[in-house]
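Using the sequences plus the hints, can you model the full thing?
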Amino acid sequence: MKLIKKKYSMLRLLYLCFIGIFIFQQTSAQLIGDNSNGSVKSDKIIAFTDVNVIPMDKERVLLHQTVIIKDRKIAQMGDAKKVKIPSGAVRINATGKYLIPGLGDMHTHIQPFNQDTAKAALLLHASYGVTTIRNVDYLPKGAFGGFAKLDGPAILNIRSLANNGKIVSPRIYTSGPWYGTNKGEGEGIPTTGVYQRVKALKDAGFDFLKVHDESQVSFDSVIAACHSLNFPFMGHAIENMKMDKTLNSGYRSIEHLTGYLAQLFEVDGELKTRDTTGLIAKMAKATATAKSKIWNCPTYTLYMYDGKKPSPVILKRSEMQYLTDSTFARWERWFNAPESTEPGLIKNPERIVRFRKLMVKALYDAGAPLLSGT
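Oh and the sequence shown: position 237 is 236 in numbering that gives the first Met the number 0, straight run, nothing missing.
Read the hints as simulated data drawn from the structure, not as lab findings.
Take the hints with a grain of salt, since some may be wrong.
Said to hold, decoys possible - Below are the DSSO-like pairs computed for lysine-lysine, each with C-alpha atoms no more than 30 Å apart in a straight line:
1) Lys57 x Lys80
2) Lys360 x Lys57
3) Lys244 x Lys292
4) Lys241 x Lys360
5) Lys148 x Lys165
Structure, rendered in structure tokens:
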């Protein structure tokens, strides 16, 4: 693996990355619930001395701080000259270095190919300071032409290992397989027994359900089951559904700006209306004032290339050395494949990218809560 040669240098950074996980635990629990029962406790007290803290509550840096960690949470923080360090604490000299809150990736997919690729990806998350992730479905065993090797129990096992400190990883919240009418790579919704199917996912221990591409009829059945079982759900907005129904259905979050863009664009990428500015502002205000307080996860980095493949030049970036050999090989094949072989390429991709930016800005200006996810 390319990952291994940098593994230990990254691990030396992890102490500086893990601070602040408590910030995301509360938000994540509100968004998606928590069935993981993961609990890592430690009697060890850690003191970061003379460190510069970037609290991220506003534009500022708190210089020359001492930060005391107890039970994996910040117990005390203050001027390095004034904070008393408990006896027996492990001291980490952080002079000239910086601490930030743990970051959260609220839209990610654990690598499905095997346990090793999944753990390698989780280590990368942690090494970059990501201390909480929301895994938004997994591909059933056999997907990707048979390459996907992990199933539901395997995903839950990885979550248990991560949340109990057995592997270097962010804290994981996970859905089951996506729930949709498309049976290509997801697991389709049966025509009967919807309640039993949703209940089985909750009983198995998944934290929430992801809806994907339901018809309105099946969506209503699934959502009724989720509400009855008090089982959180998030995912794709139903494209042909009116926004007021979407915003009041109980989504914890809407992914990729689905639903919004469906109001603006035809399937081929042509605009539906000339008053795009007015419609964007109207949708943003409706979201911000919806009783259900829906969050939005635009996954903007994913859609920087909306409708187009990234250039193979990306593969020359230095960070590519951290990919496993198998992942790098798959990316290399895809990036270099002829454009005509790629499904889903759309007309006017630059226009849609521009409107994604406008929609995110409008949601922010209206006060609608936003999530960061890749």
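Quick rundown of the hints versus the structure:
A threshold of 30 Å between alpha carbons decides the hint, and for Lys57 with Lys80 the separation of about 24 Å falls inside it, so the pair holds. The hinted pair formed by Lys360 and Lys57 meets the criterion: a straight-line CA distance of about 19 Å does not exceed 30 Å. Proximity of Lys244 to Lys292 is assessed by CA-CA distance (about 13 Å); at most 30 Å being required, the pair is judged to hold. A threshold of 30 Å between alpha carbons decides the hint, and for Lys241 with Lys360 the separation of about 22 Å falls inside it, so the pair holds.
Pair hint Lys148 plus Lys165 holds up; C-alpha atoms about 21 Å apart against a cutoff of 30 Å.
Of the numbered hints listed earlier, not one is contradicted by the structure.
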